[in-house]
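Visitor: Work the whole structure out from these sequences, hints included.
So the sequences go chain by chain: D and S.
Heads up, the first sequence is in numbering that gives the first Met the number 0, so the first residue is 0 and it goes up one at a time.
Heads up, the second sequence is in numbering that gives the first Met the number 0, so the first residue is 0 and it goes up one at a time.
Treat the hints with care, since some could be wrong.
Each pair may be met inside one copy or between any two copies, as identical chains are not told apart.
Only pairs whose alpha carbons sit at most 30 Å apart, straight line, appear in this in silico DSSO-like list of lysine-lysine [unchecked claim]:
1. 81 x 180
2. 57 x 180
3. 117 x 81
4. 81 x 57
5. 57 x 117
6. 133 x 180
These are computed hints drawn from the structure, not numbers from a lab.
Listed below, chain by chain, are the residues.
Number of protein chains: 2
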Amino acid sequence: MQTNPPPRRRNAAATREAILASARRAFAQAGYDGAGVREIAAGAGVTAMLVNRYFGSKEQLFAEVLAATAASPTILTRENLKSPRLGETIAAMLVDITKTADTPLEGFLIMMNSASSKRAAEIGREQIEEGHQKLLSSALSGELAPQRAALVLSLVAGFQVMRQMIGLSALAEADPADLVKILAPLFQQLVDGEPGSPVSSPD
Amino acid sequence: MQTNPPPRRRNAAATREAILASARRAFAQAGYDGAGVREIAAGAGVTAMLVNRYFGSKEQLFAEVLAATAASPTILTRENLKSPRLGETIAAMLVDITKTADTPLEGFLIMMNSASSKRAAEIGREQIEEGHQKLLSSALSGELAPQRAALVLSLVAGFQVMRQMIGLSALAEADPADLVKILAPLFQQLVDGEPGSPVSSPD
DNA sequence: TGATAAAGTATACAGTTGCAGACATAAGGG
DNA sequence: CCCTTATGTCTGCAACTGTATACTTTATCA
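Guide: Written out as structure tokens, the structure reads:
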């Protein structure tokens, strides 16, 4: 590890991390298009050119941010996947964690805010498919595991959007326990694949 | 009211409508920030200045688009709300309608794409709360009706985002019938409030 | 203590964006 | 018929974007 007790001398690694952190913040708040390179740089206390110098381009920076975010522990840890009450676990973490600032769910926020950008959506899709989607669907059993896994992610994303971004009062001001009570069976149903009482009658 | 059934070369009202329609298309596809005034104008066959001339500014145009979209029929018509199988109805319309261009869900797409813009999110929240949220939650019975209604909207939004914007292959390339099969019981459970087989054991 | 490469900055450029002012065109009334 | 006015366009501007080139500053090592 480098020695950097003083505010900040010249330290490439630390600067890189600072830019990465600033970028994550900015992307989470404004999305890919909304966050400017100069703004990101300012947040890290450097000039815009250093961003390109370290990451090549804004696009590559975005990819690295997503990759780093995906690498950090999320709701879907291997440990959690083994839980027999996975639905409740997901629901509880989703509802609870959402409130904190530096959250594993920041990646979802970034994605939601950046989804309008075609290129950013493409990058994010690969990250999600290689990360969460793959991990989760492989942990599920049943015929439509990929689809069910994708719907788990959809519900997580939608909840985040409505509660965090839109700020729907019914969610934002609700009792977390109530939300968990509603969400848990939903997730559980997706995870199990068989709700016990199918609605439509297949072939 | 003026009498001008034939498509006159110069027709203010028709031009205004054309701009509005083009704007709705553009906003649904690229979001508030992503859609340019020139692009919107071109879609209506006019120049950019006419947009500002008729609507004052891009922001006012956006507000009008949202207002008009909210006024148009959505999934949650009063007729649908009476269905005993509301869950399946919602799922079917969500999965099916998504593909079409001029969809009642266009409003949701606009919201999701524009949610990164603070002002746009604020406008959208009011629209949702005054429109869908209110309508749906009043049609539901049970203790946590507003929350359950909000979660219906969340799932709709998340599905839209993941399938349309992110383009998650598990959803985008899935058999629509399969998606409906999974989604229907989810929505039904939210609508009913009681899944029949509760997962967690409350007090 | 210098030399040298790394770390960071300044300037600039080509491309947008939303929007304003001056100009052109066509419709309708006297 | 011309003249007024609504309807629409052309040009341009100031601010912004991402990023390439050239420059300056600092750390490190002989």
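Visitor: Hint by hint, note whether the structure agrees.
Guide: Going through the hints against the structure:
| no. | hint | verdict |
| --- | --- | --- |
| 1 | 81 x 180 | both (21 Å within a copy, 25 Å between copies) |
| 2 | 57 x 180 | neither (41 Å within a copy, 41 Å between copies) |
| 3 | 117 x 81 | neither (35 Å within a copy, 39 Å between copies) |
| 4 | 81 x 57 | neither (38 Å within a copy, 50 Å between copies) |
| 5 | 57 x 117 | both (14 Å within a copy, 22 Å between copies) |
| 6 | 133 x 180 | both (27 Å within a copy, 21 Å between copies) |
Checked against the numbered hints listed earlier, the structure breaks hints 2, 3 and 4; every other hint is satisfied.
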